[in-house]
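From first to last, the protein sequence lines stand for chains P and F. The first sequence runs 1 to 413 under the numbering used here. The second sequence runs 1 to 413 under the numbering used here.
Simulated from the structure, these hints should not be mistaken for lab results. Any given hint could turn out to be false.
When chains are identical, the list treats them as one kind, so a pair holds in a single copy or across two.
As the list claims (entries may be wrong) - Dumping the calculated SDA-like pairs for lysine to any residue here, alpha-carbon to alpha-carbon at most 20 Å:
{"id": "1", "residue 1": "Lys235", "residue 2": "Ser409"}
{"id": "2", "residue 1": "Lys209", "residue 2": "Gln183"}
{"id": "3", "residue 1": "Lys106", "residue 2": "Gln350"}
{"id": "4", "residue 1": "Lys106", "residue 2": "Leu93"}
{"id": "5", "residue 1": "Lys314", "residue 2": "Asn58"}
{"id": "6", "residue 1": "Lys10", "residue 2": "Tyr333"}
{"id": "7", "residue 1": "Lys163", "residue 2": "Asn100"}
{"id": "8", "residue 1": "Lys347", "residue 2": "Ser409"}
{"id": "9", "residue 1": "Lys314", "residue 2": "Val250"}
{"id": "10", "residue 1": "Lys235", "residue 2": "Ser78"}
{"id": "11", "residue 1": "Lys13", "residue 2": "Ala202"}
{"id": "12", "residue 1": "Lys13", "residue 2": "Ser25"}
{"id": "13", "residue 1": "Lys106", "residue 2": "Gly307"}
{"id": "14", "residue 1": "Lys152", "residue 2": "Pro6"}
{"id": "15", "residue 1": "Lys266", "residue 2": "Arg91"}
{"id": "16", "residue 1": "Lys235", "residue 2": "Asn100"}
{"id": "17", "residue 1": "Lys407", "residue 2": "Glu354"}
{"id": "18", "residue 1": "Lys279", "residue 2": "Leu298"}
{"id": "19", "residue 1": "Lys10", "residue 2": "Asp324"}
{"id": "20", "residue 1": "Lys163", "residue 2": "Ala28"}
{"id": "21", "residue 1": "Lys347", "residue 2": "Ala21"}
{"id": "22", "residue 1": "Lys106", "residue 2": "Pro88"}
{"id": "23", "residue 1": "Lys347", "residue 2": "Ile16"}
{"id": "24", "residue 1": "Lys314", "residue 2": "Ala220"}
{"id": "25", "residue 1": "Lys407", "residue 2": "Leu9"}
{"id": "26", "residue 1": "Lys209", "residue 2": "Glu180"}
{"id": "27", "residue 1": "Lys96", "residue 2": "Gln350"}
{"id": "28", "residue 1": "Lys325", "residue 2": "Ala220"}
{"id": "29", "residue 1": "Lys10", "residue 2": "Asp328"}
Spelled out, the chains give:
There are 2 protein chains.
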Amino acid sequence: MKPVQPLILKTYKAAISLRRATERSIKAALTDLARSLEANSAALIRANRKDLARQDPNNPRTDRLLLNEDRVRQIANSIRTIARLSDPGGRLLEEKELKNGLLLQKVTVPLGVVGVIYESRPNVTFDIAALCLRSRNGCLLKGSSEAEHTNKAAVAIIKKVLKAHGIDPDCVTLLPSEREAVQELFTATKYVDVLIPRGSDALIRFVRKNSQVPVIETGAGVCHIYVESAAAIHKAVNIVVNAKVSRPSVCNAVDTVLVDAKIAGKFLNRLQPRFLEHKVEIFADPHAHKLLKAYPYLQKATPADFGREFLSLKCAVKLVSDLDKALDHIREYSTKHSEAIVSENQKKCQRFLEEVDAAAVYANASTRFTDGEEFGLGAEIGISTQKLHARGPFALEKLVTEKWLVKGSGQVR
Amino acid sequence: MKPVQPLILKTYKAAISLRRATERSIKAALTDLARSLEANSAALIRANRKDLARQDPNNPRTDRLLLNEDRVRQIANSIRTIARLSDPGGRLLEEKELKNGLLLQKVTVPLGVVGVIYESRPNVTFDIAALCLRSRNGCLLKGSSEAEHTNKAAVAIIKKVLKAHGIDPDCVTLLPSEREAVQELFTATKYVDVLIPRGSDALIRFVRKNSQVPVIETGAGVCHIYVESAAAIHKAVNIVVNAKVSRPSVCNAVDTVLVDAKIAGKFLNRLQPRFLEHKVEIFADPHAHKLLKAYPYLQKATPADFGREFLSLKCAVKLVSDLDKALDHIREYSTKHSEAIVSENQKKCQRFLEEVDAAAVYANASTRFTDGEEFGLGAEIGISTQKLHARGPFALEKLVTEKWLVKGSGQVR
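Please model the complete structure; the sequences and the hints are all you need to start from.
Right, dumping it as structure tokens:
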């Protein structure tokens, strides 16, 4: 393994020089990166095949790792969108003259160096590099060893483009894929400003537990939909089905459906055929189990099924007697990602929106919308499920910090 | 020691109820707390005497612990100021209707539960409790065992006032002063939203290393003033003297003065008599040492004297050849708190303001202004020296997080 410390230091220094790069060169480098990525797609896909060859083709991770012409084009388009976004740094947030004549300005500035620890999706490599370049941050990429060849080829393309535009290629650094590399990241408080784990819950917990660099958590979402007694049944069914089946492997997919007992019979009758089409496996509490007994993919829910992020075509269902009970359940099991109520009763919707403590709280819509692009924020680093700095989609605009500038003429206190 | 877990859980629950308290009751409770504090000052000062009796009267910490009528009045006035500030929660930061008809709102909401680990100043107990009440956050106070009697008396006054105003007194909880209590805080990720260490550098490092709850670092400031070659000498002398002697024990006091070699003779000649009045001890690099050899309190600087936070009437002095060298030194030794340049050359000031990476960067003013009250933000929890969420004075307006509210009519993705 290459020593990691010198790589971190190089990136730290390159990030300082990136602050002085012209706006024009950053925009041009990003546009050129999209073009160069498409031009070099064959080489990138070849590298990707080497990684794929080592994988079990039946593992869902293998599909996440896969690159093809179509996926490369999607990544290039995402980079083009990022190129069009404006620099989140250099904004004047506040300006005031104090009584003593001091001029006080609060401005946004780049964070410095952003470290991202992620798993096998190759688009993450390009997304993070492009977002960090656009916001003038250096980035340290710690991908998974499964994607080693792909990431090396990706970063080679990125570095070549940076160089061609007079930008220090050390701004984007791929760290060795061995797990030990992260230990050095965890203690690099002088050179790394934030660490972002992007992936499984186990990865996130590991980073949180061990990092001394501030961490922004992203990812794990145990999401609930509460079908309230005044719900429009057809809306509730559509929303639940969409939130479960449209992309079950992602964090904003629903995990538990809470159904008001008063409408449970009607709602579950309408839900069953729709879930059946997609062979959704239901984990039901005793009350729901009685109502669902004809459903072929039915299990009795164990306590562990509530609070479980399924990431697959599985769904827990529980009957509740009222809004308070639904709120209690969510408070106990939510990971504070995305939570929804379906109801035509505006007062109850309002209470749910106010009282549920989560990054995104919905009334009468699918939890699947929690996403940077959907919210109009552009590509995201991840969905933050903690409360400091960034909450919900963590996109370009949050890749900055603040700085106070104080201009005087000799003032003392 | 009392078990800590149930105390944390109680505060978590009380914080939920605090979200529903009326604006009127919060304002009234704060105003009443100021009044009640003054009315009960005798009892509070009696408790404080018990703590003082156990201290070495020659230790500077003892003065920090001391309460008297005057200090109680200052604390009460600070609470009155906080009562007049408006709730930082419940603000609409952004609102847009998406193409699919979803109404998206980004609003500010309380963080939830704030844990503060601090040392012996009794005003911190009241400031934190008042700021958290004003922003509808529960707070867990972990003071030092030296202030145990004082803090118990303080929290008793606070709880009595909360109760009288129909607010759950568990919103403000004093944790046992034994060090083991913090271990429970470090892992309470489900119930505590942020931990703020306020005190020595050792305390901050201990919290950063051990906490799994997100931490906002406050405090340690190794502050520099760079006296550039085009500095107005009288301003430079005033600023350096003020930044060193007006309150040497605080984090925004200057630690190292970097002097451009071209004006060093002139500047140090004028500085010496002023430092001498206050018996400031100078730790000089070899070049400065030659120019200062007549100064009675002179030491040769060791490498460890640069990057040292003196918190006393001591000051390191080093000659530098130009702005780049000053920037390099600051980059190496700064704790990113407060940094200043003194110069009449606007271009150099501008470069310094742009390139120095710190919470507050000054041109021609004393570093001592880095303070919530001075910046017009009100009382502060501390000075944040990290980059996420809050940077610089961490005051009421940052005791919130964001939440996305999404209102639909059945939208699916």
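Results for each hint:
| no. | hint | in the structure |
| --- | --- | --- |
| 1 | Lys235 to Ser409 | between (64 Å within a copy, 8 Å between copies) |
| 2 | Lys209 to Gln183 | both (12 Å within a copy, 13 Å between copies) |
| 3 | Lys106 to Gln350 | between (35 Å within a copy, 15 Å between copies) |
| 4 | Lys106 to Leu93 | both (5 Å within a copy, 18 Å between copies) |
| 5 | Lys314 to Asn58 | within (19 Å within a copy, 67 Å between copies) |
| 6 | Lys10 to Tyr333 | between (43 Å within a copy, 18 Å between copies) |
| 7 | Lys163 to Asn100 | neither (47 Å within a copy, 42 Å between copies) |
| 8 | Lys347 to Ser409 | between (56 Å within a copy, 15 Å between copies) |
| 9 | Lys314 to Val250 | within (13 Å within a copy, 57 Å between copies) |
| 10 | Lys235 to Ser78 | neither (32 Å within a copy, 52 Å between copies) |
| 11 | Lys13 to Ala202 | neither (32 Å within a copy, 28 Å between copies) |
| 12 | Lys13 to Ser25 | within (18 Å within a copy, 52 Å between copies) |
| 13 | Lys106 to Gly307 | neither (41 Å within a copy, 26 Å between copies) |
| 14 | Lys152 to Pro6 | within (18 Å within a copy, 50 Å between copies) |
| 15 | Lys266 to Arg91 | neither (53 Å within a copy, 39 Å between copies) |
| 16 | Lys235 to Asn100 | between (60 Å within a copy, 15 Å between copies) |
| 17 | Lys407 to Glu354 | between (41 Å within a copy, 12 Å between copies) |
| 18 | Lys279 to Leu298 | within (10 Å within a copy, 81 Å between copies) |
| 19 | Lys10 to Asp324 | between (54 Å within a copy, 19 Å between copies) |
| 20 | Lys163 to Ala28 | within (12 Å within a copy, 62 Å between copies) |
| 21 | Lys347 to Ala21 | between (52 Å within a copy, 18 Å between copies) |
| 22 | Lys106 to Pro88 | both (14 Å within a copy, 18 Å between copies) |
| 23 | Lys347 to Ile16 | between (52 Å within a copy, 19 Å between copies) |
| 24 | Lys314 to Ala220 | within (16 Å within a copy, 50 Å between copies) |
| 25 | Lys407 to Leu9 | neither (32 Å within a copy, 46 Å between copies) |
| 26 | Lys209 to Glu180 | both (15 Å within a copy, 18 Å between copies) |
| 27 | Lys96 to Gln350 | between (37 Å within a copy, 18 Å between copies) |
| 28 | Lys325 to Ala220 | neither (23 Å within a copy, 46 Å between copies) |
| 29 | Lys10 to Asp328 | between (49 Å within a copy, 15 Å between copies) |
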